[in-house]
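Trainee: Given only the sequences and the hints, what does the whole structure look like? Please build it.
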Amino acid sequence: MVPLTLPELEKTALKIRRHVIEMIHAAGSGHPGGSLSATDILVSLYFGNILKFDHRNPKAEKRDRFILSYGHVAPAYYAVLAEMGVFNEDLLLNLRSLDSSLQGHPSKVHADFVETSTGSLGQGLSVGAGMALALKSKKAKEKVVVLSSDGEQNEGSHWEAVMFAGHHSLGNLNLIIDQNCMQVGGMTTEVLNLEPLAEKYHASGWDVYQTDGHDFRRLLTSLSNFNNKGNKPRVVIARTIRGKGVSFMEGNEKYHACTLSEEECKRALNELVKG
Amino acid sequence: MEKSMRDAFGEAMLELAEKNERVFGLTADLSSSVRLEAFGEKFTNRFFNVGVAEANLIGVSVGLALEGFIPFAASFAVFLPGRCFDQIRVSVCQNKANVKLVGSHAGLSNYGDGATAQSVCDLALMRALPEMKIICPADANQVKKAVFAAAKIEGPVYLRLSRAETPVFTNEKDLFSFGKAEVLRKGKKLTIISCGSLVYNCLKVGEQLDAEVINLHTLKPFDRETILNSAKKTGKVLSVEEHSIFGGLGSAVAEALAQDPVPLKMMGIADSFGQSARSYSELLERYGLTSEDIAREAKSL
Ligand SMILES: Cc1ncc(C[n+]2csc(CCOP(=O)(O)OP(=O)(O)O)c2C)c(N)n1
Numbered sequence: 001m002v003p004l005t006l007p008e009l010e011k012t013a014l015k016i017r018r019h020v021i022e023m024i025h026a027a028g029s030g031h032p033g034g035s036l037s038a039t040d041i042l043v044s045l046y047f048g049n050i051l052k053f054d055h056r057n058p059k060a061e062k063r064d065r066f067i068l069s070y071g072h073v074a075p076a077y078y079a080v081l082a083e084m085g086v087f088n089e090d091l092l093l094n095l096r097s098l099d100s101s102l103q104g105h106p107s108k109v110h111a112d113f114v115e116t117s118t119g120s121l122g123q124g125l126s127v128g129a130g131m132a133l134a135l136k137s138k139k140a141k142e143k144v145v146v147l148s149s150d151g152e153q154n155e156g157s158h159w160e161a162v163m164f165a166g167h168h169s170l171g172n173l174n175l176i177i178d179q180n181c182m183q184v185g186g187m188t189t190e191v192l193n194l195e196p197l198a199e200k201y202h203a204s205g206w207d208v209y210q211t212d213g214h215d216f217r218r219l220l221t222s223l224s225n226f227n228n229k230g231n232k233p234r235v236v237i238a239r240t241i242r243g244k245g246v247s248f249m250e251g252n253e254k255y256h257a258c259t260l261s262e263e264e265c266k267r268a269l270n271e272l273v274k275g
Numbered sequence: 276m277e278k279s280m281r282d283a284f285g286e287a288m289l290e291l292a293e294k295n296e297r298v299f300g301l302t303a304d305l306s307s308s309v310r311l312e313a314f315g316e317k318f319t320n321r322f323f324n325v326g327v328a329e330a331n332l333i334g335v336s337v338g339l340a341l342e343g344f345i346p347f348a349a350s351f352a353v354f355l356p357g358r359c360f361d362q363i364r365v366s367v368c369q370n371k372a373n374v375k376l377v378g379s380h381a382g383l384s385n386y387g388d389g390a391t392a393q394s395v396c397d398l399a400l401m402r403a404l405p406e407m408k409i410i411c412p413a414d415a416n417q418v419k420k421a422v423f424a425a426a427k428i429e430g431p432v433y434l435r436l437s438r439a440e441t442p443v444f445t446n447e448k449d450l451f452s453f454g455k456a457e458v459l460r461k462g463k464k465l466t467i468i469s470c471g472s473l474v475y476n477c478l479k480v481g482e483q484l485d486a487e488v489i490n491l492h493t494l495k496p497f498d499r500e501t502i503l504n505s506a507k508k509t510g511k512v513l514s515v516e517e518h519s520i521f522g523g524l525g526s527a528v529a530e531a532l533a534q535d536p537v538p539l540k541m542m543g544i545a546d547s548f549g550q551s552a553r554s555y556s557e558l559l560e561r562y563g564l565t566s567e568d569i570a571r572e573a574k575s576l
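Heads up: the protein sequence lines correspond to chains A and B, in order.
Per this note's numbering, residue 1 is the first one in the first sequence, and the count goes up by one each step.
Per this note's numbering, residue 276 is the first one in the second sequence, and the count goes up by one each step.
Source of the hints: derived by calculation from the structure; they are not laboratory data.
Ideal placement from N, C-alpha and C gives every residue a C-beta, glycine not left out.
Among the clues, some could well be false.
Stated by the list, open to error - Below are the DMTMM-like pairs computed for lysine to aspartate or glutamate, each with C-alpha atoms no more than 25 Å apart in a straight line:
no.	chain 1	residue 1	chain 2	residue 2
1	A	254	B	546
2	B	317	A	253
3	A	108	B	560
4	A	108	B	546
5	A	108	B	557
6	B	278	B	482
7	A	254	B	282
8	A	254	B	312
9	A	136	A	207
10	A	254	B	406
To be verified - Stretches of chain B that chain A covers, calculated by requiring three or more beta carbons in the stretch to come under 8 Å of a beta carbon on chain A:
no.	region
11	351-365
12	382-395
Mentor: Structure follows, in structure tokens:
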């Protein structure tokens, strides 16, 4: 696939955000805040050609492995996959309905395109590290990309994986942190201070890049460091805004997990028009 | 009236902490979900959100308990006990630490989030642990009493709560006897044993079918005597739970009946994980736990 241009990426992201709102409204519950902060990152990964991925064959042996470790932002992930052509867009409104492949959190029980079930925070990076080890030992050229959140950095098991990846020189393991500075209980600085986050990764043997998670040019520059070579895993810490793109959701705690009323849905969609 | 057990839990914690200065409230970044927000605002020095870190939540609670406090550690039941079983096994149970574990959103009640958030194995985990006591209240009224009872018990307690808005049907004034199976209704045709929010459905079915209905709100210690007496009297037992049929209430009943055989039919979630749905009732229907399902199985026994 030819990577999209910057204006095309903006346009795609807008469409994804609209889907996110409509999906969560239809489902009657979900996590709009994180889904909107993750949107530009997900769009960059798939439409900026950071991931080697064939939508006609999502489980091709020669694919980059992608793990959405904070599974609650599944709506944005599903919308991106539909936009890529993995499944029909009409399916999106089945989010969270009985027997749907679009479960509240990515579920391998219900969907083949998912690499691993997530939704219980703090497991994705370990699984990613195991896949990276496996790809290395198979001498495969593909890389592993894990998308995590700042709240997820609280989990001890995540740091077990950080140390493991550094220790085993997993140069094919790549991590992005959606740093929207909020978790369920409020600001991350108030719940459990993570800083200096970059230094912690450095100290564990990682290469660290910091970027703006809503500026496609900068985001793509940082993500283009992702590869399968070298002996250091790498992390892109992307500063984001929870609820990005919908003024009344931006930085608003209420929109971590909630229902979206008809009225909220309309207001949000009204804002998500320019492209 | 319908009310969620988690709301009753939040209210009970406020009252309890007012009366007992040794009570702490802790959570792993789910204070709003487990209704500990008001507690946190009122008892700022006795509330801690440790972050999304369930293993640490248990360790910190144990430390507080070993120094004489009574910590109530609350999260979703999938994560607590699910995420920190070994911390509970070693630090809580081997120390006989006075920690109260609160697993909210148990069973299928977290219907939208799907399988990773639906706790259908927690009773099996907790039942297997020496020193652990398990309370599974049937409605919001009983939750309040269970919270106070748990605080009185010296040692580990697991309190299992539902997220759903469920009927409040037990009497506020009735005594809560920890460790004692509660015969809600006398009957002749069969015995229906349940715990948690499904007890209400069982009671309705019991009324139609002249069944004896037992609310086994304390799963451990297990009130063998009441269960066996009722089973022998009616000659047939139906167990109903919002949990895997492996290792939960039905298994506890089966273990007792195996030594004193009475025909038993176990209703629960048949070896599967759960999934997302647009409503709680949709899931109860899918997994065969509605009143109609219970009545059908009861009749077929
Ligand atoms: C192991 C585990 N514990 C608790 C939860 C419940 N939970 C869901 S999201 C969340 C924290 C949200 O923080 P973050 O991921 O930074 O949220 P974002 O703003 O990115 O949506 C928690 C505690 C969980 N999913 N997994």
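Trainee: So which of those numbered hints doesn't the model satisfy?
Mentor: The structure conflicts with hints 1 and 10, although it agrees with all the remaining ones.
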